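Full structure from sequences and hints, please.
2 protein chains.
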Amino acid sequence: MIARERVIRIIKDTFEIYGFLPMETPAFERWEVLTKKCGEEIKNQIYEFEDKAGRKLGLRFDLTVPLARVIASHPTVPKPFKRYCISRVWRYEEPQAGRFREFWQADIDVIGIESLHADVECVSCATEALSRLGINDFSVFVNSRKVLEGVAESVGIESESVKLSVFRAIDKLEKIGENGVRKELEEIGLSAKQINGIFELLRLKSIEEAKEKLKDIEVAAKGVEELEEIYRFARCYGIENRLKFDISLARGLDYYTGPIFEFKLISGKSKLGTISAGGRYDNLIALFGSKPIPATGISLGIERIMEVLRLKNKLPEPKSKVAVFVANATEEMKEKAVEIGQMIRRHSIPCEVNITSRNLRKQLDYVNRRGIPYALIVGERELKEGCVVLRDMATGNEIKIKTDEICSRLKGARETRNKSLE
Amino acid sequence: MIARERVIRIIKDTFEIYGFLPMETPAFERWEVLTKKCGEEIKNQIYEFEDKAGRKLGLRFDLTVPLARVIASHPTVPKPFKRYCISRVWRYEEPQAGRFREFWQADIDVIGIESLHADVECVSCATEALSRLGINDFSVFVNSRKVLEGVAESVGIESESVKLSVFRAIDKLEKIGENGVRKELEEIGLSAKQINGIFELLRLKSIEEAKEKLKDIEVAAKGVEELEEIYRFARCYGIENRLKFDISLARGLDYYTGPIFEFKLISGKSKLGTISAGGRYDNLIALFGSKPIPATGISLGIERIMEVLRLKNKLPEPKSKVAVFVANATEEMKEKAVEIGQMIRRHSIPCEVNITSRNLRKQLDYVNRRGIPYALIVGERELKEGCVVLRDMATGNEIKIKTDEICSRLKGARETRNKSLE
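As you go down the protein sequences, you meet chains E and Z in turn. The C-terminal position of the first sequence is numbered 422 in our numbering, with every residue numbered one higher than the one before it. The C-terminal position of the second sequence is numbered 844 in our numbering, with every residue numbered one higher than the one before it.
If you're looking for bench data, these hints aren't it; they were derived computationally from the structure. Here the structure is a predicted model, which is why all the values come from computation and not from measurement. Wrong hints could be hidden among the right ones.
Lysine to aspartate or glutamate pairs mimicking EDC-like chemistry, simulated, CA-CA at most 20 Å apart [stated by the list, open to error]: (1) Z:741 with E:32; (2) Z:474 with E:94; (3) E:52 with E:32; (4) Z:743 with E:32; (5) E:56 with Z:814; (6) Z:713 with Z:725; (7) Z:434 with E:32; (8) Z:478 with E:94.
Structure (structure tokens):
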């Protein structure tokens, strides 16, 4: 938890540096809210239940849908509404490295802004957070749902729901390979010709090629324009080198409408795949009953990031937060030790006091095992002289100090230690 | 959320000053774990559901039971294990002031220590947290489950389950009054004589009286001894004046075994009742399959505390965390504004950049509405001289500053401002 909290703190600080503000929502939502635009696959992963009044509910599977529900019911919130949320979500999936049934997401969203500046700002902020965590070997793969719509239309698919099924199949390309995706597309009802046509387009390597091949399809031309704008804006944010166009990038969720992003490791550890992702979802909020409000966001996966940091040996060390342990040399000194502990705590120095009946040696064993840097030993003889013993646990050095110097000594020792740890 | 985060931060800091360390557990647990020792009433308030594999689960109703389950399955964790957890729990109750179906608890627990020093340390830590939040008009009502057991035994009740039903009835004394409790006790099957006997004892005012009246009942004598020890220890922690003995204090949960505590407001706002509570639960961990491990803890109710602070006008002000807004005087200056914003962010100064197509006046309206203290205005003319305009939103004063002085100027302004806010 200590390492985890430090990771979350770095992400939170970065979000605030970018001007995002915190907003939380409840763990569960009404079933109709969660399933409005999530797609079949996610729907099957939701933990569903009824409350005592018979209302159908579900644990949230992401932080975006609850946000959209809140915004729809508070349409007058000043825009842009830039919120962040670092919290739990739940999906009934197969657990694997960096993937659990309860997991944490760190989300940023910009609500109410049509300009793709909002999208690039989110990508820039997530990039900065990863970089502050020490993760730099990633690229941001980018595509637009509009380009994919164009791909579908180019082989004659017009139905919205068939398009979404096609996107969900394409999203699995990396996981199940071209043959797997071909089979899924067959099952959706696409002809061999359509499937070949799609794969021909999915092999395009650059925005220029896509622009040329899809120039006659209106929605695709709009998508290409958006991507060009993303690249142009990325230059002012200083992140243009991160971006990699990938026409086969689809994202699994149904609610995306424009640019979509996936942050992937590009070194050997790519098994972990996506560590962050998101995109524009301009139609989602209106589904909950408000006027259309444009929106875009990026989500970081805390467990994946923790796992990447662990593999890189960059996980913050879970050092004890306790600065000093107050030990009693004899049972008679126990209450005196508590009083000294209380004095130290009044100076806001994190302090543990012996509350066991252990002898001094065993108390110091515990201090060592806990990694607490200093012990104060309260003994009868020293106390008569108004003193206690301060023991540096790393060196074993002991010095006698006046009881009224304890706090200033500890503060000095902490500062020196913190400096040497930096 | 900003006010809430500040409240949680103060509580968290206090917990760490007392040497507690963070540990989280999942939001849901197996049904058997949650219901092992919670009592009927709570059992009916649990949100229950099945996962896709047909396992019966429930959202946790407190943070103690999950902790006990974790400790039982990790019996070798070095003791004392002093953990804190500030997180959500769920109960299907009637919502009212400071009481919601999803709410946050801030818990501290000391695991593995039989000595009542552990209990008093928890009470002292919770007292300190409330006091740092500005809440001082509360008493800590204290009783022991063993004294209550003695009360039950004194009227001839021996069955464990009947005793627990009696405790749950007594727990409602404040809510439903003496007549209400009498009726519940009748329903449990107690005779009028037994009920009268119980109420006679519940009217005892002091530990001395209880000691005298219950001296022949072994468990009660042990309970009285514990209470005397609690008072003695409370003196070294400096909290003896907070304690108020209340023989009718019972607590609703079935897992308590020794001293129990309730922190209640003693001024006019006592409608909100208990803002913190807890006690010893020495038998709970063993129920999950480990050897017996003594344990005690205190829980603070975040929503209740927030409501108390709101009524006292002491809720931390939700000031914007954003230090500066970068505005563009004309649309042509937008990308330049983004670049300046990115530079400011690299200096870790929280910054929002205009990403709308609003004109300057509307941008400044937004800055005002958001309560952001400074705006930087990027205009073509100034920029040609290597300058931007820094506007103090409170006074309307504007000064021209060099672009390479922006960060040092903002840092200076922030420090001055933070000082004046302290």
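Now the hints, each set against the structure:
no. : hint             : in the structure
1   : Z:741 with E:32  : violated (35 Å)
2   : Z:474 with E:94  : holds (11 Å)
3   : E:52 with E:32   : holds (17 Å)
4   : Z:743 with E:32  : violated (35 Å)
5   : E:56 with Z:814  : violated (51 Å)
6   : Z:713 with Z:725 : violated (36 Å)
7   : Z:434 with E:32  : violated (36 Å)
8   : Z:478 with E:94  : holds (18 Å)
When held up to the earlier numbered hints, the structure conflicts with 1, 4, 5, 6, 7 and fits the remainder.
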